[in-house]
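Could you put together the complete structure from these sequences and hints?
Number of protein chains: 2
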Amino acid sequence: MNSVIKTILERRSTRSFDTAKTVQESLLTEIVKAGAYAPSAMNRQAWHFSVVENKELLLRLNAAVKALASESEEERIRARSSDDTYNFYYSAPALIIVSMSENALYPREDAGCAMENMMLAATSLSLGSCWINQLGNGASENAGVRAVLDEMGVPKQNSVYAALAVGYALKSSPLKDRAHGIVNFVK
Amino acid sequence: MNSVIKTILERRSTRSFDTAKTVQESLLTEIVKAGAYAPSAMNRQAWHFSVVENKELLLRLNAAVKALASESEEERIRARSSDDTYNFYYSAPALIIVSMSENALYPREDAGCAMENMMLAATSLSLGSCWINQLGNGASENAGVRAVLDEMGVPKQNSVYAALAVGYALKSSPLKDRAHGIVNFVK
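Those protein sequences? They're chains A and B, same order as listed. Per the working numbering, numbering of the first sequence is gapless, rising by one per residue and ending at 225. Per the working numbering, numbering of the second sequence is gapless, rising by one per residue and ending at 225.
Be careful, since some hints might not be right.
Which copy is meant is left open, so a pair is good if it fits within one copy or across any two.
Pairs of lysine-lysine residues, derived as DSS-like cross-links and limited to a Cα-Cα distance of at most 27 Å, are as follows [as the list claims (entries may be wrong)]:
{"id": "1", "residue 1": "LYS225", "residue 2": "LYS209"}
{"id": "2", "residue 1": "LYS93", "residue 2": "LYS71"}
{"id": "3", "residue 1": "LYS71", "residue 2": "LYS209"}
{"id": "4", "residue 1": "LYS225", "residue 2": "LYS59"}
{"id": "5", "residue 1": "LYS44", "residue 2": "LYS71"}
{"id": "6", "residue 1": "LYS93", "residue 2": "LYS225"}
Derived from the structure by calculation, the hints contain no laboratory data. Since the model is a prediction, treat every value here as computed from it, not as a measurement.
And the structure:
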């Protein structure tokens, strides 16, 4: 098995980070570059990556996301938001916010490809990462959330589709069982 | 630069395949496994992969997709479909069709992650690949297209979100210029 496929099979979601250990800017730059080399529908490359390490801003974003979650129609999300320790990005030292302009033809697919590249790049650099979904699906249009995203340099005309928590892992999730019966060959 | 990031930067879309050279089943199996190791929203893994190498079925699928394209509202798509040499999967020797059940929470993002894994796995195995979009966005619900997908073993309850053309490249697209000004750091 080659190292690329090995990395693909070994990638895990990290939800517990060493909060005392920051990530070198050169590594974050490599990760974002990997994201930007993903394919995009009709090569629109309509993405923007905001790499946020400022803890004060991240905590303010957390407060805004928490406030939004407290109004969710989903009981599971409301319940989680009432926890004092709520932190939607798992207190990672860095959060890479992926936003897209309206020029993107298939923003969700494009974001998926860019995110997967970044997750694999992070894994290859011995960093943990986790897809964060709380800023997507309209959350970035919420006034409270948007005010902080503006301060973070997310382009005003963009919507957020995904974010990546990045840092050194304290522990990562074990491999979940893979689904069976999901492949057929037609010769 | 490590081999994973190198592969991410070197991945290209291939639209010209050596049609005389089939792909070993062991390699296709590795590629699909890479896809199935992608993360998915809430770990639903609601995907299915149909690996089709049967040329007669692929050509029948092409005829059905061509007929659908000829009725497109987009002039660009109608024009392309009127070409006698129309082949939506670039005559690749294998087409991996990614379909999702309704259990998927974010089928487009999930498909993006699985597709990117498969494109990188293919690159790492010296194979060319290209994201094929003609079966998504409702095309798999078209009666003519669906009839062939049924024969190909795509689960009846699933919709197609993407497909991957795979084979040995005759030539690959050159690297497109990358967008500038798409990253900001907030320290």
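Here's how the hints hold up against the structure:
Proximity of LYS225 and LYS209 under a CA criterion of 27 Å is satisfied inter-copy only: 25 Å between copies versus 43 Å inside one chain copy. Within a single copy, LYS93 and LYS71 get their C-alpha atoms as close as 23 Å, which meets the 27 Å cut-off; across copies the closest is 38 Å, which misses it. In this homomeric assembly, LYS71 and LYS209 come within 27 Å of each other (Cα to Cα) both inside a single copy, at 26 Å, and across copies, at 24 Å. When the C-alpha separation of LYS225 and LYS59 is checked against a cutoff of 27 Å, the pair qualifies only between copies, where the shortest distance is 14 Å, while the shortest distance within a copy is 51 Å.
Taking the shortest alpha-carbon separations for LYS44 and LYS71, both the intra-copy value of 21 Å and the inter-copy value of 11 Å come in at or below 27 Å. When the C-alpha separation of LYS93 and LYS225 is checked against a cutoff of 27 Å, the pair qualifies only between copies, where the shortest distance is 8 Å, while the shortest distance within a copy is 54 Å.
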